[in-house]
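**Student:** Chains as they are written, first to last, in the working numbering: chain A, 2 to 172; chain B, 135 to 934; chain C, 3 to 300.
Hints were generated in silico from the structure; no laboratory data involved. A couple of the hints might just be wrong.
To be verified - When the alpha-carbon atoms are kept at most 30 angstroms apart in a straight line, the in silico DSS-like pairs for lysine-lysine are as follows: (1) B/K558 with B/K261; (2) B/K261 with A/K3; (3) B/K261 with C/K51; (4) C/K51 with A/K3.
Take a look at the letters that make up each chain.
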Amino acid sequence: MKVALNINGETRTADLEPRKTLLDALREDFGLVGTRAGCEHGVCGACSVLIDGAPARACLLFAVQADGYVITTIEGVAPAPGELNVVQDAFCETHGLQCGYCTPGMILTAHALLARNPHPTRHDIVQAISGNLCRCTGYGQIVEAIERAAERLRVVNAQEAAGHANEEERG
Amino acid sequence: MSRPSGELKFVSAKRRVREDRRFVAGRGRYVADIALDNMLHVAVVPSRYPAARIVSIDASAALAMPGVAYVLTGDRLANAVDPLLNGLDTPNVKRYPLAVGQARYVGEWVAAVVADTRALAEDACEKVVVEYEPLPFVIDTEQALDPSSPPVHPEHGSNVLLDKTFVWGEVERDFAESPRQLTFRVVWGRSSTVPIETFGVAAKWDPWGEILDVWASIQMPKYPDQIARALRIPANSVRVHHDVDVGGSYGVKRGIKQTVLTAHLARTLDRPVRLIEDRLDNMRAGDAHGPERIFDVEVAFNDEGIVRSVKMRALDNVGAYAGRSPFQLGKPIGAIVGPYQIKSVQYRAQAVTSNKAAQEAVRGFGQAPTNYAIETAIDKVARAVGLDRIEVRRRNFIRKEQFPYLIPSGTQYDSGDYHTVLAKVLAHADYDGLKREQAELRARGLLAGIGIAACLEPSGGNSSFEPLLNEKNTTTTWMDSCRIHVDALGFVTVTIHTTSSGQGHETLAATVVGEVLEVDPDHIRVVRPDSLASLPSNSPVGSRMAIMLGGACFHAAHKLKDKLVRIGAKQLGRPENEVAYARGAVTAGGATLSWTDLITIAHRNFHLLPEGMEPGLETMHVEQVPTGSKLPENGRVQMYPCHSFEFHLILIAVDPLTGKPEIPRYVIGHDCGTVINPHIVRGMTLGGIAHGIGAALLEEFVYDGEGQMLTQSFMDYLLPSAHEVPKVEIVHHCTPSPFTVLGQKGSGESGYLGSPAAISGAINDAVAPLGISFSKLPIRIAEISDAIAGAAVSRAEEQR
Amino acid sequence: MKSAPFDYARPESLAEACAMLAADEDARAIAGGQSLIPMMAMRLARPTKLVDIYRLPELHGIGSDEDSVTIGAATRQVEAEHSPTVHGLLPLLAKALPWVGHPPTRNRGTVGGSLANADPAAEIPLVAVALGAKIDVTNLNGVTTYDADDFFIGPMLTALAPGDCLSAVRFPRWRRACVGSAFHEVSARRSDFAFVAAAAQVALDPEGRIAGAALGIGGLGDRPVHVDTTALGGERPQQLLIGEVVRAGTHEIEAMSDLQASASYRQRVAVGLGTRALLDACVDAVGRDAEARRRGLA
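With the sequences and hints as input, model every part of the structure.
**Tutor:** So, in structure tokens, the structure goes:
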């Protein structure tokens, strides 16, 4: 079956068996290997991607079902090659990872959380990442990374808002 | 070559972990990302029976399917490869990548199908017809020990792989002279590290170059050698690529059977072949389960709670094949008395086979179960003499001034200050406040308990348990290496010679080399040549890399610095001991040669080099394990060189109706000597605790009475999520090791080695008022509730 | 872990979907797929054809009238979780939804999918049974409505026949003044299927006596069960009495037993959590009533 998917802002096409999951299609047909296979039955969250901005399991969705959505993978979050976004940078700052295998899913999940909730409590963060298993870190430095990213985003957004206000005054 | 004097610049600084950058970008390179041209994929046919003779395998229907290239059976494979290595001297326990003649556990790989895609290979697996003749089997550990049980390997004669008793010190006298004794049994359930990435391997054979290229999710000492032996090819025909990121291991990523199978297929088919276990393959037959151990313990002590002697019998169910797993009964001998001044020990180590999946090395290599037994003993002694559990530990701890301290089994502990760590933890946690909190929880109708564990993490990864348990094995080194190259423009490149699975070895190497050379580690590149271009390494096992890779880097960097000093001394016309090295430059009497000057001489001005010095600028060092140079004598041996210490203090609240435990407070004191990167050590400790929570409360590979496995997926085998892991407070202490270059010790197993003991202790403290206790891990929620309800019933009956 | 091959179709209408399902008895409807796809990955489910009903407009949306709240079968769980209608008119469901799977599976999983999957421990079927919801099933012959209690037959077993498509669920509204609800669950991990779950809704009369009570227990038997609480009518909320009623209503149910939890555990905890849920629902009713009055005064 022919599919045309909107992935990281680009339309990607492929001819796929219906049984191919979005996970396998991303990895094998679109070269986006940052999305990882962990359990292939929807428990571990290593294959998390964003579908219309919300985290979902790429192993629990056949690629033929995925047209018409805005799909974001880990390859789609960095602002430019070699640069990190705020969440990615915060994970580096607190060392919110070890082996890196669950990390793309974790970062996308965090990204989605912060997009809809700029003031997450520890409980909100734990709830948000509870569907992403990490075997290395015990989650402590991941929670800290997300707290740190939230703080920074608030500062950046406040500055931007202030900048806007100034521009409007000048205008 | 002394420790750096003065202040450390990079070591112990909270610097970022360099590996993180590629991982957060999704740019890690794991084995499943390696797609070779023209590559084929493998799926496997699992055994449906715990024990069965394989009467016939009909692959014709599978072979007729589109896209199917090949079906391999065990018989055919056994003609082409040698059996995989056994750790013990048990030549009749033969293990091949596929079942040969007989299947020995449910899920065991009976045949392998190779096809254009994994999906097609799975389709074809369903069409492979295997005729079985079911055989008697044994699942239970103690039944396996019974001589009348069906032997898993009939040629071996029984299920006993190992039964060895050690007596260190005057055990019988100490028991006879001790006024009090107690005995108990605890059981460590079969769990494992279960990384989120399964095992995977890709192999390619070049028949003209006669070379096998291997990419694998591997963490194993002597991996290329084992591949070569099994395939009967020269070791220098095996090229393992170390630039593959490993998605978690914690011990278990040792897929030798997977590798030999895949490599054999690649050679047979003359095409690249890849095998990525799926979760079902991995859980039931990745051969990566952990220890499953019964401890029978006798303790001799006095009314003051001083423990004088211990008799411990450890009986481990290693599953259907031997591998290295029985050695996990040997490693804990190096810390068999824990942090305590116990005078004598009798230790009986028994390993039996059963019709379960094979075991592999798990984080701590048997130490976490042993620590659980030791800490349970100390809790029971405290209860017996009516003393606070912390006080009993205090009384039995080895004192700071006693180090280095020789324990009865022959290991010398390097250093420690257990009393201080304990005091710091009590102060931080406000122990009295914690007890008040416990009382408040109880007043609210919950059960509440405090858990304590004081444990050692032997580190440095020597392999002395091999000769100790197998006299034919004479291994006395377990080296690791580093090479440093400074190029003609002055840039530093460090090579390390193993894969990593999240431990941050590139950061470690850059930090140590940067420290010695006084060069910013961020400007140092760290690379991993393939195995043919590598120096010896024994991979990151046994909490060893800070010590061993750190040591190798330190010495290689010093050799480099010495070269620079010699070059400088010659140009400045001074004896070497009169020139000073600082930040890459060499100075004497007011004259300075810069880094660039020195590099230029080394690379371009042979006429200026000291006599006998090779041109270019390169050094290497192969590090021998500190303290580990002797074979065992009389059952005694120096096991690992360093001993990190951890002290857990936790509060658990249990809902008496549901049995669900919550951990409102978790404090751990941790002393691993000099910390090289604080982020990494912290992550190891937090991750280890989470892993221990799993082992204590959630995780177990369970087989039913028919030998079928009940926990094949992540829906049944329960890894802790963020909900189940509490916020953990770490209290640091640093007692440097006298045996290592920077005073560092290992920390790769920290947290995990004590948290199961602490959690068990806390739950048992919580339910103690009810007169019940739990002696098997994991302690499941429903079991807690059932026991509480049972206690209520018996109390009611008593009252009647 | 790859699914066996199948055909895929995405019909334009519910009628077309029903025709497709009727034409092939091994075809299956797929919506969010959060339970079906893992079963397919393990090859425990092997449909010949997937009929994708996820985007059918007829199956979407949350609406309400005087008597009930209707949720289209393909409405995502996360939409229901955040729906003001559900929060306002169906607080019991709102309390249960955060226990369904975990956030990423709720983003894609549907309300109807959970009902059709009929896991004995699942939360949405439990609330449906507790409140006596009606379940609409559409096929080529039209719409059949089932009482939730009749819809669930056994573990992963429902009244759905080949060719059927679950199209909507209608939860009754309680239009009394003082209504409260509570949801309790125990599982190994927060996101796992419940060992036992209890969903309760209570209405109190102006004197604080129980005017109506509904209790459902999940995870206990082979399907969610509705516990008879008529004996509580007219009584004051009181732990001992409630406990007895819950015990009486559950003790004859044959409890499931598995690796994680024994049958006796499930029996005992069903009584305990059921009691807790009813009591907490009473407390909730009082609280909501006070809140309503306060608002009324303001």
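**Student:** All hints, please: hold or fail.
**Tutor:** Hint by hint, here is what the structure shows:
1. Only pairs whose Cα atoms come within 30 angstroms are accepted, and B/K558 paired with B/K261 is rejected, the gap being roughly 63 angstroms.
2. Of the pairs offered as hints, the one joining B/K261 and A/K3 holds, with about 29 angstroms between alpha carbons and a cut-off of 30 angstroms not exceeded.
3. The suggested pairing of B/K261 with C/K51 holds, with an alpha-carbon distance near 21 angstroms, which does not exceed 30 angstroms.
4. At most 30 angstroms may separate the alpha-carbon atoms for a hinted pair to count; C/K51 and A/K3 meet this at roughly 17 angstroms.
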